[in-house]
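Residue numbers (the numbering used here), protein chains in the order written: chain A, 1 to 394; chain B, 1 to 394; chain C, 1 to 394; chain D, 1 to 394.
Mixed in with the good hints, there may be bad ones.
Pairs count within a copy or across copies, as identical chains cannot be separated in the list.
Simulated crosslink set (SDA-like; lysine to any residue; CA at most 20 Å straight-line) [to be verified]:
{"hint": "1", "residue 1": "K83", "residue 2": "A65"}
{"hint": "2", "residue 1": "K209", "residue 2": "R46"}
{"hint": "3", "residue 1": "K83", "residue 2": "E58"}
{"hint": "4", "residue 1": "K323", "residue 2": "R272"}
{"hint": "5", "residue 1": "K83", "residue 2": "P176"}
{"hint": "6", "residue 1": "K323", "residue 2": "E276"}
{"hint": "7", "residue 1": "K83", "residue 2": "D31"}
{"hint": "8", "residue 1": "K323", "residue 2": "L268"}
{"hint": "9", "residue 1": "K209", "residue 2": "M322"}
{"hint": "10", "residue 1": "K323", "residue 2": "A381"}
{"hint": "11", "residue 1": "K209", "residue 2": "R272"}
{"hint": "12", "residue 1": "K83", "residue 2": "G66"}
{"hint": "13", "residue 1": "K323", "residue 2": "A292"}
{"hint": "14", "residue 1": "K323", "residue 2": "S271"}
Treat the hints as calculated values from the structure; they're not laboratory data.
There are 4 protein chains.
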Amino acid sequence: MLRFTTAGESHGPALVAVLEGMVAGVPLSADDVNGELARRQQGYGRGRRMQIESDSVEFLSGVRAGETIGSPIAMLIRNRDWKNWSEIMDPARNASDPENRKRAVTRPRPGHADLSGMLKYDRSDARDVLERASARETTARVAASAVCRRFLAEFSVRVGSHVVQLGGIDASVPEPMPDDINAAVADSPLRTLDRDSEKRMIARIDDAKRDGDTLGGICEVVCSGLPVGLGSYVSWDRKLDGRLASAVMSIPAVKGVELGLGFEAARLPGSRVHDEIHADRAAPRAGGVHRASNRAGGLEGGMTTGEPLVIRVAMKPISTLMKPLATIDTETRDPATAVAERSDVTAVPAMGVIAEGMVAFVVAQAFLEKFGGDSLGETRANYDSYIARINERR
Amino acid sequence: MLRFTTAGESHGPALVAVLEGMVAGVPLSADDVNGELARRQQGYGRGRRMQIESDSVEFLSGVRAGETIGSPIAMLIRNRDWKNWSEIMDPARNASDPENRKRAVTRPRPGHADLSGMLKYDRSDARDVLERASARETTARVAASAVCRRFLAEFSVRVGSHVVQLGGIDASVPEPMPDDINAAVADSPLRTLDRDSEKRMIARIDDAKRDGDTLGGICEVVCSGLPVGLGSYVSWDRKLDGRLASAVMSIPAVKGVELGLGFEAARLPGSRVHDEIHADRAAPRAGGVHRASNRAGGLEGGMTTGEPLVIRVAMKPISTLMKPLATIDTETRDPATAVAERSDVTAVPAMGVIAEGMVAFVVAQAFLEKFGGDSLGETRANYDSYIARINERR
Amino acid sequence: MLRFTTAGESHGPALVAVLEGMVAGVPLSADDVNGELARRQQGYGRGRRMQIESDSVEFLSGVRAGETIGSPIAMLIRNRDWKNWSEIMDPARNASDPENRKRAVTRPRPGHADLSGMLKYDRSDARDVLERASARETTARVAASAVCRRFLAEFSVRVGSHVVQLGGIDASVPEPMPDDINAAVADSPLRTLDRDSEKRMIARIDDAKRDGDTLGGICEVVCSGLPVGLGSYVSWDRKLDGRLASAVMSIPAVKGVELGLGFEAARLPGSRVHDEIHADRAAPRAGGVHRASNRAGGLEGGMTTGEPLVIRVAMKPISTLMKPLATIDTETRDPATAVAERSDVTAVPAMGVIAEGMVAFVVAQAFLEKFGGDSLGETRANYDSYIARINERR
Amino acid sequence: MLRFTTAGESHGPALVAVLEGMVAGVPLSADDVNGELARRQQGYGRGRRMQIESDSVEFLSGVRAGETIGSPIAMLIRNRDWKNWSEIMDPARNASDPENRKRAVTRPRPGHADLSGMLKYDRSDARDVLERASARETTARVAASAVCRRFLAEFSVRVGSHVVQLGGIDASVPEPMPDDINAAVADSPLRTLDRDSEKRMIARIDDAKRDGDTLGGICEVVCSGLPVGLGSYVSWDRKLDGRLASAVMSIPAVKGVELGLGFEAARLPGSRVHDEIHADRAAPRAGGVHRASNRAGGLEGGMTTGEPLVIRVAMKPISTLMKPLATIDTETRDPATAVAERSDVTAVPAMGVIAEGMVAFVVAQAFLEKFGGDSLGETRANYDSYIARINERR
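Construct all of the structure, not just a fragment, from the sequences and the given hints.
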């Protein structure tokens, strides 16, 4: 069972990701991970930190001579700003405690984990919460998922994303979609396929920045090249749609998820929602059929159909506003304005990259559940055998 | 760790739900479960089966003298139609096999698990798939969740739902919402708070029925009475938003989930999305604060805030159409029209009840994680202690 | 991931087992399960109940026309004595409550879950505990494991057991062991391969019965036919030795587990413990080697070696003595003698059958993890491919 | 749910442990962990590595100002020998590959994971296996468990161990046991309470070293101060005996586990095995009773009784012999002698420390399941409330 754990505070010494259960023999280099980390840091509207932190990974385990060896893959990503924070974040109790206390964060931000976290974990300094409840944590997710992507690439499975709405401005979606979405948006500052809308999005970001405000948006993740039959309908917790929803909804600031037509499917009659089935010998991964449409977003009955997964993810605006909202001071219970650390105006393009990663993880997990194997060669043989099987009997 | 498993085919002898991890001492009667089963069976637009099956539960274990005793609670719900299906669904291999084979389902429905399930599990009769990949399975979910609801009721936690859109017709949502949503919609055929829209919804259902078509819609689930701090931000798989999304997206035919403002949050600036915080001694469950609004839907940082959870769930139209869609015959690979068993036109109101149940389960699970305890009295003492703690320090 | 859940009280209406994750296409009949249930009920020294209850299974789901279909397999085993207990065990609160209370069990047995369970779950009647903390629960385990055995049989994996000590009397173990251990002990009242010792064991049981005492013993479980490489060393919770130990130590009254030489391995030098390796083209499952000995019991580094698994399991005497031990009355806190329901003198032979079942479950789970697949044909193809792979490269 | 993951190869840059689910507010310093790491490195009979590696921990996350903050605790322990291995273990594919290949390990050791791991993961160099399937991994387990110990210490729960047999020489066990076992054995080279036997054990180690052989032995772990009711009988996978067995059997080279009397319990009649119950107001943690004996080792029905846990763990001799055993060369299939890297003669004292750690983890996990809570104060209040409850009603 493929699983991963992350650890690390935003201003601690480092982030850690441990991916467990990956097969041996997958070609893997630091560049494979660093490329994904770099994509996560892009996007117009990011703050200063994205410049100071060009993330790079160190493999602590699980990789040797350029390939995975089957053991847990531990990855370390250092926080380059650590030297400026080492006193405030010191794990040891030290003499300067009173000094740290003076800098305690006690004006929790609406929309953030600050207040609920302080109450839950009985903390008087919101820093103990916000350091972990930070989008910085997603760096470790992207590292873990980069290994999953590398694995999936061996089976020609590709995961990409693009921004379809930002700050209320919709991007049009081309028909047909480019095969390699990430290549198509690589030089777009907002990772969108609609360059005209992008200009207006940028203007809106500039406006929001001037106003001390923040913006959300929607990304669409597409995963193509999957075989039919990943996930299962037999038990509620094995349905792939639920597992995908969980994975992307767990990304900080995400408030909505839809698959295929999503909410639109709730408005149309069945005759205009379901995807008719046609025999197609050129589609072996789908068992020799294709769908006349893909309104289901590649999922029926909690299983892949062989059509691309299409997942849209809605992100609310960042909750750190330079023009801060009303809150209380948790020490005094008096009204206050929320703490306002320097932050991004929007992180929607980055969220798309993170969502790709979470999708890649869930898909790789389901892939290994179905095909088993402990080495790339073994999994590949099992995969090939299944594809042959679902085509031969027809 | 609270967990549940369901088993059972749509036309098998019975459905089974096993709920494991519920504390001892929770008052529980068959009526508590049967009331929820009945709600699941209501709704204008349902087919014949809802009439023939008035579901009722038999406790096989875990309940004695009107209360839970801590052991797994197994519940049996018989399929009343079993006698008509006992030959087709016989677990034993028997002489009439050729007869069964004649009735094999080989024209998979677009939108259903039929085809992907046949390929995945190597089945030549889609009945082996559709019997389990049936909305009938949700009966067992509702039974398991009814126990969770009964537990939550001891802490004045309430879960209700109403239909906010059906077949493209929106219902207006009253402001403020009624305290007891389920009571307010109890006599509404479509479980909606907008009786004017309901009339048009009914007309649309009648139209769809005449056309051999089906309809989807959107329900809103509201869970009130929760304390601050259920769920956690510390690890991706413990965030309550992700767990809720998984639970409701796993309901058959659900294609979209949103929390609070949901997709709308992606369109607004941060200053109009985040909920400002005010001190409020009258809100002990929330740690002595209230929010000026609840656009977050009761969740910040993957934790409850003390405000009501608000979750909207989009359901696509049912995939069994009386005017069936194009498919193939899996035996011959020839074009065909999909199998068309008698079915409902819409099941949106029922989906709301099921979604309530899944929310109740996830919330009860998170509740027990936070408060621990093996008996109702112990959990209650721990709960009370926490509420006192988060109020005393201020 | 193969998993199973059991539910049911000893004198409730029925026991339930739900096995989830079994592949489709495994031939399965009620007789396959009933045969195992019957084996669990045998053994000299059992009490009256074994006569009145000839257990038989009803498949509620997951099996059709004589084979598994991939969905959860729910099995019901009725308690034949239910009619005599239906009032005492009634799930409903009823007018005869005072009557039930009079029969409350308040003199907990040393060695049993009674007292700790009452404290943990806040119960004043030990019946609420002992009904679940009963060896009767293992009936459901045996049912679930019978399906696993049927699956493993398709790969010529066999699980058997025999009694190697009972009440302090050791049985000698033949060299070599019979291929089919269970066939060899089928007509032995105590399931042992040493008929001379068995006579003395029987005499000791008769003595103990006369004394109102009880006896324990040791069984040895052997699982042969496994391929090399099930389980893994890479993470502590995936090691097969730990998983096997957990599964058998969870059987009621088990207090010790050893693998291969077990505790004896701790006394010998390494040169007399480790199993030397020799090439052997006639051993494809083991990757073309055999061991000169099997002191490791088929496990190195938490993985199967291809040699038979050998697991010894120690059971303490049953804790219900007809000559009862000192305890307290939980109502009065006064000294008392423990409750003494009619019970067995020893259940060691049955424990062996249960331990076989737990081993079969763990092994089937590890088998499916390695080979994946959703149908018997798919898993078999993957298995064959692996065996070919580990032999071809040499 | 408390959980931990480890990563790291024996000669890689570092080991990593991530502990997830620990409550906030537990006092914790690097010394707390380093003290346990040092104990693991002690013991007569260890090789050179124990001298060169004085392990010390770096907290990467989860600890601030001397206490836990609720987020995952990532700990890094560097391998001090890394500079000598950085080329052989380089994660990157590099020009010196042919050189590495020359040093490939192809003569797998009997008793080690080498051969099964090579076959399972399709590796031609056993180093890819043995680097992870190394006792070095237990360093990370000890680090994770040190945090659990620190938590348990807040509730006066203590875990200690001593060697009761080594190389076939038994140590006598004092009656009564010292309260602080670890203090009592702190200056014993073999961590035993019987100094006379220790001299003979040391002589045997010297003999074995001269012979190029290795030795195993048995440790006894004792955990005192626990409340009644941790673990549960209600489901097989929640029984604490099974979970403890799994945790210690997963330690490398462990082949046997017993609880309380263990295998001896299988030889005695019930009247001499079960622990009679007496009222005792001085034993509030046990619910106001004590047992006349503790033959059960503190566990009945898979739950703690309030008496000390007593667990004996058997370790086979180390599988790296300087006088190596027969094996094959995996490249040529020819007979060979196993690879013989410099290694310890025995590691039994260290195994005791590791087993203590695994017990501490399982117990802390069960403790948090029962008492819940997200901060030390909250968990403590819940614990106190339970102890009061189980005493008040009597």
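Could you figure out if K323 and A381 sit no more than 20 Å apart (CA to CA) within one copy, between two copies, both or neither? neither (57 Å within a copy, 40 Å between copies)
20 Å Cα threshold - placement of S271 relative to K323: Close across copies (8 Å), not inside one copy (49 Å); limit 20 Å.
Up to 20 Å between alpha-carbons, please classify K83 paired with P176: within, between, both or neither. Result: close neither inside a copy nor across copies, 49 Å intra and 51 Å inter.
Indicate which option fits the pair K209, R46 if close means a Cα-Cα distance not exceeding 20 Å: within, between, both or neither. Within. Shortest intra-copy distance 10 Å satisfies the 20 Å Cα cut-off; inter-copy 52 Å does not.
Using 20 Å as the alpha carbon limit, work out where K209 and M322 are close: within a copy, between copies, both or neither. within (8 Å within a copy, 54 Å between copies)
Evaluate K83 and A65 at a C-alpha cut-off of 20 Å and name the case that applies: within, between, both or neither. between (32 Å within a copy, 16 Å between copies)
Go through the copies and call it for K323 and R272: within, between, both or neither, with a Cα cutoff of 20 Å. between (46 Å within a copy, 12 Å between copies)
Intra/inter-copy verdict for K209 and R272 if alpha-carbon distance must be at most 20 Å: Result: close only across copies, 15 Å inter versus 42 Å intra.
Taking 20 Å as the upper bound on the Cα-Cα distance, should K323 and L268 be classified as within, between, both, or neither? between (42 Å within a copy, 15 Å between copies)
Reference check for the pair K323 and A292, CA-CA at most 20 Å: within, between, both, or neither? between (50 Å within a copy, 18 Å between copies)
Check K83 against E58 for me: Cα-Cα at most 20 Å, and say if that holds within a copy, between copies, both or neither. Both ways: K83 and E58 sit 19 Å apart in one copy and 15 Å across, limit 20 Å.
Regarding K83 and G66, is the shortest C-alpha distance of 20 Å or less found within a copy, between copies, in both, or in neither? For K83 and G66, only the inter-copy Cα distance (19 Å) is at most 20 Å; the intra-copy one is 32 Å.
Consistency with the previously given hints fails for numbers 5, 7, 10, ordered from lowest to highest.
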